[in-house]
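Engineer: Top line first, the protein sequences correspond to chains A and B. Note that the numbering used here numbers the first sequence so that position 98 is 98, with each residue one more than the last. Note that the numbering used here numbers the second sequence so that position 137 is 379, with each residue one more than the last.
One or more hints might be untrue.
Unchecked claim - Computed list of chain A residues with no C-beta within reach of chain B, every gap over 12 Å:
#1 V9
#2 I77
#3 I79
#4 N91
#5 T106
#6 D118
#7 P137
#8 T140
#9 K172
#10 Q176
#11 V184
#12 G186
#13 Y238
Claimed, not checked - With beta-carbon atoms standing in for the labels, derived distance ranges:
#14 B:T458 with A:R105: 30 to 36 Å
#15 B:R391 with A:A129: 55 to 61 Å
#16 B:R248 with A:S22: 39 to 45 Å
#17 B:H364 with A:R185: 41 to 47 Å
#18 A:I219 with B:F427: 55 to 61 Å
#19 B:R360 with A:D118: 49 to 55 Å
#20 B:E566 with A:R105: 29 to 35 Å
#21 B:H331 with A:D118: 56 to 62 Å
#22 B:R256 with A:T55: 49 to 55 Å
#23 A:T106 with B:I545: 24 to 30 Å
These are computed hints drawn from the structure, not numbers from a lab. Every residue, glycine too, gets a C-beta built ideally from N, C-alpha and C.
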Amino acid sequence: MLLEVHNLVKEFGGVVANADISLQLEQGEIVGLIGPNGAGKTTLFNCIAGYYRPTSGKVLFEGRDITGWPAHRVARIGIARTFQSMKIMPNLTVDENVMIGAFSRTGDRKIAKQEAQDILRLVDLVQEANTYPPELPIATQKKIELARALATKPKFLMLDEVAAGLNPSETKDIIQTLQLIKEVRGLTLFLTEHVMEFIMTISERVIVIAVGRKIAEGIPEEVAREDKVIEAYLGERYAKGR
Amino acid sequence: MSRILRDIFSFGDRPLSERIAFVIFIVIVLAFPWTVKLAYARAVMIKFLLFALFGLGWNLIGGYGGQVDLGQAKNVGFGAYATALMMLHWHTPFWLTIIPGMLFATAESFAVAYPMFRLRGHYFAIATLCVALVWKELFVFWEWTGGARGVEIPIQTAPNFTYMQFGSVGYHYFIFGLFMAEFLFMNWFRKSRLGFQLQAVRDNEDAAASLGINVTGTKVKTYCITAALGAVGGSFITAYYLYIDPELVMPLDLSILIAMTVMVGGAGSIWGPIIGAAILIPLDMYLGAWLAGGGRYGIDFMIYAFIIMIIAAREPKGIWGIVERVKKRG
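Assemble the whole structure, with the sequences as input and the hints as a guide.
Structural biologist: Take a look at the structure:
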């Protein structure tokens, strides 16, 4: 098992953002994490990636207990992430942004530069290499974040709403990119998304959370038919009315 | 090893125009004592090089690191006092006093860095300012540092390379040598892994952490290096003025002037500190002398502050930011 989360709880003051969530991801899977706004998806990501310390519960990566590790240590053992609200380095060029990712493993600038170029080629960003990210469209910036995360050579990649704000053709483009990198790199992907078309297309398995709790899990088509899931998204009336 | 050497001396990533401008700058500085005989002009030139040196060091934490440190004067003081006290009490040659000053500044910075970097932005700036002021007061009250009276260095009768005492031409090349050494170090640093990671931390701490960068660790390392570089300039001040006291080497004004030089010139750029010092120092010394000569005290400070305010409000990337924008348009 690559990633295991056991009975994870995260409270902010009196607010319970994650209540007793358990889940497991196998090596090589693509798993979607869905749920309505405020369900606790990003909180769960932050707990796994070391941005929040869980109130209780455990996070295991390759069998190793990483609960409460700081974010940079989590990153160094092979967990990479992107952010819902993009976090790009605006004063560094696209290829420097990606080089920073490669610098997590090597101190050699030549190697870092070479690896950055390889990744930029993989995600089709070679032409933008020497520009500054704020000059580029949102879809391209999302790809830069993706490329930067890949440059750390992760085993496990968490994508927080990577398709949010993209138009249908850009969404299709990012799906193709993700499938390509999964094949080339043999990555395990864990993604949250609001765009249902996106998550249902790409995921092999989805986990549904609502108000901080896991309410369903399974292959996308089946989960989408479950009453509890429809209720969480559309309200009780729709679930019973079918 | 050869790659490190190449990184130190290579400016290949900078445009040709910048490289030419820098060569012209070096030629002017080297030729300066041969063409200009005026004592005051020579003093202005030496002060310019000294503040360019200070700016280069501060640019690490303040420019590449984006942390507004308003306490660099404490490190200048550590360097100055290490040199002064060692020369006075133990007759240590000047060159052997530089490293102890740097080491003390580094150790002190390491000790205060962790609590300080729990703060961000303005709060961090205020903390650095307070620490520097506390040190200044300590040096005023301590007997063994000479207190408020300061330390006087015994004057040598003939030019002397052990204690680095000679005429203004000697000091000119001496400070230029220190400046060039620090400049080449910065040229290496900006291309190093730490340099890139520091810029990543400046631009976005969360993103930096997600790429395996220890955010606090990176800031602490840089803060310590900045301190060591500040101490070098302090050692020079002792050799140059032959007299130091806390008001001369550790005042708040000095911390602010060092930060201002970099901000006016262009923080986070290799040329920024040089441009900033080239504008602020002559302006300060000539404007001050000219206006005070006419009995109009204080007006120079107003003009000075006005220029700084304009640049801070209109161009956060300083004069170098303006240059880059114009080049991009052209």
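Engineer: None of the hints should be skipped; say for each whether it holds.
Structural biologist: Taking the hints in turn, this is what the structure says about them:
At the 12 Å boundary, the C-beta of V9 of chain A stays outside the reach of chain B, the nearest C-beta of that chain being 23 Å off. Residue placement check: I77 of chain A does not keep its beta carbon more than 12 Å from all beta carbons of chain B (closest about 9 Å). Distance check on I79 of chain A: its Cβ comes as close as 9 Å (rounded) to a Cβ of chain B, failing to clear the 12 Å threshold; non-interface status is violated. Non-interface status of N91 of chain A relative to chain B is broken: a Cβ of that chain comes within 12 Å, the nearest being about 5 Å off.
Not every CB of chain B lies more than 12 Å from the CB of T106 of chain A, the least distance being 8 Å, so the non-interface label is violated. Here D118 of chain A stays apart from chain B, with its beta-carbon at least about 17 Å from theirs, past the 12 Å limit. For P137 of chain A, the requirement that its beta carbon stay farther than 12 Å from each beta carbon of chain B is met, with the minimum near 19 Å. Taking the minimum C-beta to C-beta distance to chain B, about 16 Å, the non-interface status of T140 of chain A holds against the 12 Å cut.
Remark: the non-interface label on K172 of chain A is consistent with the geometry, its nearest Cβ contact in chain B lying 26 Å away (cut-off 12 Å). Against chain B, the non-interface label of Q176 of chain A holds: every CB pair exceeds 12 Å, the least being about 24 Å. A cut-off of 12 Å between C-beta atoms confirms that V184 of chain A is not in contact with chain B; the least separation is 20 Å. Annotated as non-interface, G186 of chain A keeps its C-beta farther than 12 Å from every C-beta of chain B; the closest such distance is 20 Å.
Listed as outside the interface, Y238 of chain A is consistent with that label: its C-beta sits roughly 37 Å from the nearest C-beta of chain B, beyond the 12 Å cut-off. Judged by the Cβ atoms, the range 30 to 36 Å given for T458 of chain B and R105 of chain A is violated: they are separated by roughly 21 Å. Distance hint check: the CB atoms of R391 of chain B and A129 of chain A are about 60 Å apart, consistent with the given range 55 to 61 Å. Taken as a hint, the range 39 to 45 Å is violated for the pair R248 of chain B and S22 of chain A, whose Cβ atoms sit roughly 53 Å apart.
At about 43 Å, the CB distance of H364 of chain B to R185 of chain A agrees with the hint of 41 to 47 Å. The hinted window of 55 to 61 Å between I219 of chain A and F427 of chain B holds, with their beta carbons roughly 58 Å apart. Checked against the hint of 49 to 55 Å, the C-beta distance between R360 of chain B and D118 of chain A comes to roughly 39 Å, which is inconsistent with it. For E566 of chain B and R105 of chain A, the hinted distance range of 29 to 35 Å is satisfied, since their beta carbons lie about 32 Å from each other.
Evaluation of the 56 to 62 Å hint for H331 of chain B and D118 of chain A yields a pass: the beta carbon distance comes to about 59 Å. For the pair R256 of chain B and T55 of chain A, the beta carbons lie near 51 Å from each other, so the given range of 49 to 55 Å is met. Separation of T106 of chain A from I545 of chain B is about 50 Å and departs from the stated range, judged on CB atoms against 24 to 30 Å.
When held up to the earlier numbered hints, the structure conflicts with 2, 3, 4, 5, 14, 16, 19 and 23 and fits the remainder.
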